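Residue numbers (the numbering used here), protein chains in the order written: chain A, 1 to 254; chain B, 255 to 492.
Bear in mind the hints are in silico, worked out from the structure with no lab data behind them.
Don't take every hint at face value.
Claimed, not checked - To give a feel for the contact side, a few chain B residues facing chain A, derived at Cβ under 10 angstroms:
no. : residue
1   : H258
2   : G397
3   : V401
Unchecked claim - Calculated Cβ distances over 12 angstroms to all of chain B for the following chain A residues:
no. : residue
4   : C62
5   : K120
6   : T123
7   : R143
8   : V167
9   : K235
10  : K243
11  : D247
12  : R252
13  : S253
Claimed, not checked - Taking lysine to aspartate or glutamate pairs in the EDC-like style, the calculated list, with each CA pair at most 16 angstroms apart, reads:
no. : chain 1 : residue 1 : chain 2 : residue 2
14  : B       : K343      : B       : E276
15  : A       : K235      : B       : E276
16  : A       : K243      : B       : E467
In this text the structure is predicted, and so the values were computed from the model without any measurement.
Backbone N, C-alpha and C fix where the C-beta goes; we use that ideal spot for every residue, glycine too.
Now for the letters of each chain:
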Amino acid sequence: MSADTKVEARDVSVYYGKKQALFNVDLDIDSRQVTSLIGPSGCGKSTFLRCVNRMNDTIEGCRVQGKIRLDGEDIHDRTLDPVKLRARVGMVFQKPNPFPKSIYDNVAYGPRLHGLVSRKDETEELVRSSLQRAGLWQEVEDRIHEPGTSLSGGQQQRLCIARAIAVRPEVILMDEPCSALDPIATARIEELIDELRENFTIVIVTHSMQQAARVSQRTAFFHLGILVEEGDTEKIFTSPTDKRTQDYITGRSG
Amino acid sequence: MSEHIVKSFDEELERLRGAVQEMGGLAAEQLELSLRALLEPDPELAEQVVEADSEIDALEQRISQDAIRLLALRQPMAVDLRQAIAAIKIAFDLERSGDLAKNIALRLPVLKGFANRGTLETVARMGELAGWQLHDVLRAYSGTDPVLAREVWLRDRQIDDLYESNFRVYLTYMMEDPRTISAYTHLHFVAKNIERIGDHSTNIARSVYYLAEGVPLDEPRPKGADAKTAYVDPPAET
Chain A
1 MSADTKVEAR
11 DVSVYYGKKQ
21 ALFNVDLDID
31 SRQVTSLIGP
41 SGCGKSTFLR
51 CVNRMNDTIE
61 GCRVQGKIRL
71 DGEDIHDRTL
81 DPVKLRARVG
91 MVFQKPNPFP
101 KSIYDNVAYG
111 PRLHGLVSRK
121 DETEELVRSS
131 LQRAGLWQEV
141 EDRIHEPGTS
151 LSGGQQQRLC
161 IARAIAVRPE
171 VILMDEPCSA
181 LDPIATARIE
191 ELIDELRENF
201 TIVIVTHSMQ
211 QAARVSQRTA
221 FFHLGILVEE
231 GDTEKIFTSP
241 TDKRTQDYIT
251 GRSG
Chain B
255 MSEHIVKSFD
265 EELERLRGAV
275 QEMGGLAAEQ
285 LELSLRALLE
295 PDPELAEQVV
305 EADSEIDALE
315 QRISQDAIRL
325 LALRQPMAVD
335 LRQAIAAIKI
345 AFDLERSGDL
355 AKNIALRLPV
365 LKGFANRGTL
375 ETVARMGELA
385 GWQLHDVLRA
395 YSGTDPVLAR
405 EVWLRDRQID
415 DLYESNFRVY
425 LTYMMEDPRT
435 ISAYTHLHFV
445 AKNIERIGDH
455 STNIARSVYY
465 LAEGVPLDEP
475 RPKGADAKTA
485 YVDPPAET
């Protein structure tokens, strides 16, 4: 583990009931970088992503073995509150899922819940700055009290990103954040990811290899629940070491 | 290498490789024929070499267009990406080699009455060496063979050495008889063209190595003798 390691996974295995979904994964995720997790459906990449903020805890019959440390701190420690953990490790999902509330309340909900704001002006300021950082402010500033669901798909996804960053997380997990978006909305999100990496550690699961190549500095390739290869994105996409990685990224059946 | 799930992708890559190989065969033939035309001497053969160059140029155009289309439409990754880039780069080096062979053929009119058989044959031997290099590097490309590619890359110094020693010989002859200056200058250009063809083969060797290994061939290479420093003192003023 280097000084820049934000998340350290050691010997992580995940079981859904009797079925093992992830096998002994060792992976370091560097601070203030974008790490993409790629691999075919069912390879365990989303399962791994959900380990990092203990989202798997909510799944019946799911068991996680091994150690995951956030800044060196065991996230499975009994004294650690998973709700607090999820405030530090935020998540953005495939399908934009704004709350059935106003744009304003979507962003203000988390900070209020976690007690980050108390006064109205504080809340307003945080909502504005979060929407600005998510690149959405200009488009919504004069209809901030309209429902979040009235926005377009791409805007909704940026709203979800604004909602995630409003609670000042350290890590943002993104599970295929662009798969429901058109190329322009996708480009906006990718540009946003690139800006956010200055302040956050980002882990993104994507089925689009081009997207992984465009947005991430590190890439990890999963196959059949095994972390096959991990390294600089440039290296993975120009000269991967493992034949399985090569076959996958070049579209060979193996 | 296993096959792509999309079969037409394999076909396009194979067509690209095929065109590069075809181009390589043509360039090697052009070199061989231009040297034969020089040795015989055979002006008709030289003419034929000059005309055939456009065929190589056309192939280079086709390869770069096909490779660009492949990059745009398939967005190749890893070995496929290296394959497309290698095709563009190798086609460039082969096109240059073809031009240089044509340039040798173009010098036939001024060299066809050339009397010094020995120096002509030495140049032809140098050309033969460059021909083998080209042949071997094309074999390395066909078999995606990094070991052979590296051998070709290392062997280039033999051509450099010959080029340098030829140059010294020409200088001597020219000093002995200034009437030969024109012919030896042209012969020196022929030697230079051959030496350049050798360099293009080493470029191709590097491309093949990167294609095969995914890392550049960047070890220090033992350099041959350098004609840049060949020099004969002018006679002292009296």
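Cross-check of the supplied hints:
Hint on H258 (chain B) holds. Least Cβ distance to chain A is approximately 5 angstroms, under the 10 angstroms limit. The interface hint given for G397 (chain B) is violated, since its Cβ lies 18 angstroms from the closest Cβ of chain A, which is over the 10 angstroms cut-off. Among the interface hints, the one on V401 (chain B) is violated; its C-beta lies about 18 angstroms from the nearest C-beta in chain A, farther than the 10 angstroms criterion. For C62 (chain A), the non-interface assignment is confirmed: its Cβ lies about 32 angstroms from the closest Cβ of chain B, beyond the 12 angstroms cut-off.
No Cβ of chain B approaches the Cβ of K120 (chain A) within 12 angstroms, the least distance being about 50 angstroms, so the stated non-interface status holds. With a minimum CB-CB distance of about 45 angstroms to chain B, T123 (chain A) clears the 12 angstroms threshold, and the non-interface call stands. Every Cβ of chain B is farther than 12 angstroms from the Cβ of R143 (chain A); the closest lies at roughly 38 angstroms, confirming the non-interface assignment. Look at V167 (chain A): its CB is around 37 angstroms from the nearest CB on chain B, clear of 12 angstroms, so calling it non-interface holds up.
Some Cβ of chain B comes within 12 angstroms of the Cβ of K235 (chain A); the nearest lies about 8 angstroms off, and the non-interface call is violated. Listed as outside the interface, K243 (chain A) is inconsistent with that label: its C-beta sits roughly 8 angstroms from the nearest C-beta of chain B, within the 12 angstroms cut-off. At the 12 angstroms boundary, the C-beta of D247 (chain A) falls inside the reach of chain B, the nearest C-beta of that chain being 6 angstroms off. With a minimum CB-CB distance of about 5 angstroms to chain B, R252 (chain A) fails to clear the 12 angstroms threshold, and the non-interface call is violated.
With a least beta-carbon separation of about 5 angstroms from chain B, S253 (chain A) fails to lie farther than 12 angstroms from that chain, contradicting its non-interface assignment. A threshold of 16 angstroms between alpha carbons decides the hint, and for K343 (chain B) with E276 (chain B) the separation of about 15 angstroms falls inside it, so the pair holds. With a CA separation close to 31 angstroms, the supplied pair K235 (chain A) and E276 (chain B) exceeds the 16 angstroms bound. Note on K243 (chain A) and E467 (chain B): the hinted pairing holds, with a Cα-Cα distance of about 13 angstroms set against a maximum of 16 angstroms.
Hints 2, 3, 9, 10, 11, 12, 13 and 15 from the list above are not met by this structure, while the remaining hints are.
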